[in-house]
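**Student:** Starting from the given sequences, assemble the full structure and let the hints guide the process.
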Amino acid sequence: MRGATHAGWVACAVAVALAATGCGGGGDAGDSGAVLSSSWTDPQNPLEPANTNEVQGGKVLDMIFRGLKRYDAKTGVAEDMLAEKIETSDSRNYTVTVKDGWTFSNGEKVTARSFVDAWNYGASLRNNQKNAYFFSYIEGYDKVHPEKGEQSAETMSGLKVVDDRTFTVRLSQKFSSFPDTLGYNAFVPLPRAFFDDHAAWLAKPVGNGPYAVESYTKGSEMRLTKWDAYPGSDAARNGGVTLKVYTDNNTAYTDLMAGNLDLVDDVPAQQLKNVRSDLGDRYLNTPAGIIQTLAFPHYDKAWNKPGSVKVRKGLSRAINRRQITDTIFQKTRTPATDWTSPVLGEDGGYQEGLCGQWCEYDAAAAKKLIEEGGGLPGGQVKITYNADTGSHKLWVDAVCNSINNALGNDRACVGNPIGTFADFRSKSTTQKLSGPFRAGWQMDYPLTQNFLQPLYYTGASSNDGKWSNEEFDRLVDQANAETDVAKAVETFQKAEEVVRDNMAAIPLWYQNGSAGWSERLSNVALNPFSVPVYHEIKVG
Amino acid sequence: MGRYVVRRLLQMVPVFIGSTLLIFLMVNVMGDPVAGLCGDRQCDPATAAQLRKEFGLDQPVWQQYLTYMGNVFTGDFGTAFNGQEVTELMSTAFPVTIRLTVVAILFEVVIGITLGVVTGLRRGRPVDTGVLLLTLVVISVPTFVTGLLLQLLLGVEWGWIRPSVSPAAPFDELILPGLVLASVSLAYVTRLTRTSIAENRRSDYVRTAIAKGLPRHRVVTRHLLRNSLIPVVTFIGADIGFLMGGAIVTERIFNIHGVGYQLYQGILRQNTQTVVGFVTVLVLVFLVCNLVVDLLYAVLDPRIRYA
Chain B
1 MRGATHAGWV
11 ACAVAVALAA
21 TGCGGGGDAG
31 DSGAVLSSSW
41 TDPQNPLEPA
51 NTNEVQGGKV
61 LDMIFRGLKR
71 YDAKTGVAED
81 MLAEKIETSD
91 SRNYTVTVKD
101 GWTFSNGEKV
111 TARSFVDAWN
121 YGASLRNNQK
131 NAYFFSYIEG
141 YDKVHPEKGE
151 QSAETMSGLK
161 VVDDRTFTVR
171 LSQKFSSFPD
181 TLGYNAFVPL
191 PRAFFDDHAA
201 WLAKPVGNGP
211 YAVESYTKGS
221 EMRLTKWDAY
231 PGSDAARNGG
241 VTLKVYTDNN
251 TAYTDLMAGN
261 LDLVDDVPAQ
271 QLKNVRSDLG
281 DRYLNTPAGI
291 IQTLAFPHYD
301 KAWNKPGSVK
311 VRKGLSRAIN
321 RRQITDTIFQ
331 KTRTPATDWT
341 SPVLGEDGGY
351 QEGLCGQWCE
361 YDAAAAKKLI
371 EEGGGLPGGQ
381 VKITYNADTG
391 SHKLWVDAVC
401 NSINNALGND
411 RACVGNPIGT
421 FADFRSKSTT
431 QKLSGPFRAG
441 WQMDYPLTQN
451 FLQPLYYTGA
461 SSNDGKWSNE
471 EFDRLVDQAN
481 AETDVAKAVE
491 TFQKAEEVVR
501 DNMAAIPLWY
511 QNGSAGWSER
521 LSNVALNPFS
531 VPVYHEIKVG
Chain V
1 MGRYVVRRLL
11 QMVPVFIGST
21 LLIFLMVNVM
31 GDPVAGLCGD
41 RQCDPATAAQ
51 LRKEFGLDQP
61 VWQQYLTYMG
71 NVFTGDFGTA
81 FNGQEVTELM
91 STAFPVTIRL
101 TVVAILFEVV
111 IGITLGVVTG
121 LRRGRPVDTG
131 VLLLTLVVIS
141 VPTFVTGLLL
151 QLLLGVEWGW
161 IRPSVSPAAP
171 FDELILPGLV
181 LASVSLAYVT
191 RLTRTSIAEN
201 RRSDYVRTAI
211 AKGLPRHRVV
221 TRHLLRNSLI
231 PVVTFIGADI
241 GFLMGGAIVT
251 ERIFNIHGVG
261 YQLYQGILRQ
271 NTQTVVGFVT
281 VLVLVFLVCN
291 LVVDLLYAVL
301 DPRIRYA
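In order, the protein sequences belong to chains B and V.
Per the UniProt record's numbering, the first sequence runs over residues 1 to 540.
Per the UniProt record's numbering, the second sequence runs over residues 1 to 307.
Misleading hints may appear alongside valid ones.
Chain B is faced by these chain V residues, among others (derived, beta-carbon under 8 Å) [said to hold, decoys possible]:
{"#": "1", "residue": "N28"}
{"#": "2", "residue": "M30"}
{"#": "3", "residue": "G31"}
{"#": "4", "residue": "D32"}
{"#": "5", "residue": "P33"}
{"#": "6", "residue": "A35"}
{"#": "7", "residue": "L37"}
{"#": "8", "residue": "E54"}
{"#": "9", "residue": "L57"}
{"#": "10", "residue": "D58"}
{"#": "11", "residue": "T92"}
{"#": "12", "residue": "P167"}
{"#": "13", "residue": "I253"}
{"#": "14", "residue": "H257"}
{"#": "15", "residue": "Q270"}
Just so you know, the hints here were simulated from the structure itself, not pulled from any lab data.
Predicted, not measured: the structure shown is a model, and the values here were computed from it.
We treat Cβ as the ideally placed atom computed from N, Cα and C, and that holds for glycine.
**Tutor:** Structural data, given as structure tokens:
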């Protein structure tokens, strides 16, 4: 292999020469015009506001769009952005006034119509938008997005443009937190260019945020530059961001170490041991609005017997959350003590310790509970997960180990891997699983409602275990109708207690967002969605 | 010769249809891809149905396959889930992978054959033993270990190269990834050449050539090497296909957006159109490589003539 090694040296010499000439042009560090580079993954779906449901696409939308509301990067509270005011007297009819002086980066004015058209587009079944259900509270949604058959209307009857800056929204039911949901990306306004030349817009999206897309090469990189005429108060403090697609977050991390990349917003699990010594203070690990739980097949008789609650509680007590988050996740997860997330804050509905003793590890109590509940169905639990991403195998095996140790039975719990995420999802959403399965939930907006209703309400969109409880449903309805925010949160907590008393799903841990950055950057922070607050980052 | 080529080309048709059908069925067995499109939330049934209709997933598999093949012959490979045409993905991925493969093959041919000849002529000497040991090490160490190690040393510790390849992937950035990709095959090429050379060295025609008083380099290149290359050419020919489709590990390590990466993404997202499209092209590459190899036999050894 002497020859081969030799060739390697030649290769390097060539590469060094090229890198040196390439670096010659640099040296613009230290001003607000400097551009930073950040790791990215190719968005899974076409990049449209109502069609983007994962973090990577959402990241871009967050940079190039501003909606009526915006969630504060620190507190997660929804604050007015483009909305001058959103008024209601009955939690059902809302009048929205849009601020004056906002334009899209192509010069077009942002008007009430920009919102109404965008929302109607997002809701229409014909456009295949994956986030269409966000508009389902608006009256007339069932006409533009029927559960079966063709849509019978073009627009939602609940949306009306009053004048250039005002529009009204009528909901199909009372929903007091509705204005707070409007910070979500699906609700941003769209320019005419989106409708007039859709393909061109997709190739180079135009929005109204602090950044404008300069170029977009699908699958490899997107260059965003600061939009100088941005009218908002949160203008970018750097010259732009280049999002580079990485095939593997390990490579992104390596590039950061080699000085070719400025920001990595997902530190790979393998590097967690070294990250402190590699980066020192240039590493961040903060809670995000993500919770991992173990869901149960409540549709399966074996899991829906009189004693099942005790079995579920017993399993919960058999899991040593602290040990798993410390050893497997290197403290990038926090043991869960309720069913929401710390990012909501006390006022927002997070209640530390709501789960109480049921989430505390106690082997003896666990064993007793499971025995009282009639034992594990079939003598064994199989925890189903997808093995393709997210290193789920590691923690599922650890959870099973913990359960096996607590019960003193080597075969009490085993992992049941499924090859791909898609296959896992199609099995869990069609009720084909007969044991507990992993369920992750990333919030859409920082509201207690978002952590409870979609997951545990009867027939709700993500209630894959088909849990159903009248008391819970009643409390959620009541909370949604509540006009006083504090009271609504309180009622949601009561509903959460119902989830706890029935152990509808076992809360495991809250997930943190992580980021590492180069010496060029300062003022890096993650918002509650674990996305870097790009416009705040200073370069140089 | 002409008839042979035609016959071979005709034989490709059933192989092509069979292999694409197999891939099509295999991807379909994996289940409903639409379920994974909406993340941890279930797609609402109406949108899911609409998406299935758009991607043709609501029809029976055989009908999907027929429609698909019909489209392929008109050059339409369908649309990936992110809204991009598969042909567009191919037009960005294949040039990159072809460049990477060219680099790797060059390493195999130049270094592999040279080393093979050198060791084959000096069997049992220290050079031979040394190279044999080295190739054994290369074969037994997995590619990702070599790749990550070289990336860490040259890219991070010493800063000689960029650890990742830029989207344009020019030749000079592909030298190290190409070497890593070639490493295992290179070791095989070395060993194959060595054995073949060592074997033919004792054959009559080589003895005759030496007896005729031909210069040594002419004996080696024209007589010995030409006859010894047949197994090597077979190996390298088949390797082109393997390198193009099997570069997933190397492409991931060095951030190369080539065929392996697109295939990996396609499988992960269960994107039938991408996977079948790319595999279809790879099958064609394999078939053409095999044909070229067979034709090369005739060039290398005039005794092998096909009517």
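**Student:** Each hint should be assessed against the structure and marked as holding or not.
**Tutor:** Results for each hint:
1. N28: Violated. Min distance 12 Å.
2. M30: holds (6 Å)
3. G31: This interface hint holds because 4 Å falls under the 8 Å limit.
4. D32: holds (4 Å)
5. P33: Result: holds, 5 Å to nearest chain B Cβ.
6. A35: holds (3 Å)
7. L37: holds (6 Å)
8. E54: holds (7 Å)
9. L57: violated (11 Å)
10. D58: violated (14 Å)
11. T92: holds (6 Å)
12. P167: holds (3 Å)
13. I253: holds (6 Å)
14. H257: holds (6 Å)
15. Q270: Hint holds; Q270 of chain V Cβ to chain B Cβ min 4 Å, cut 8 Å.
In this structure, the earlier hints numbered 1, 9 and 10 are contradicted, and the remaining ones agree with it.
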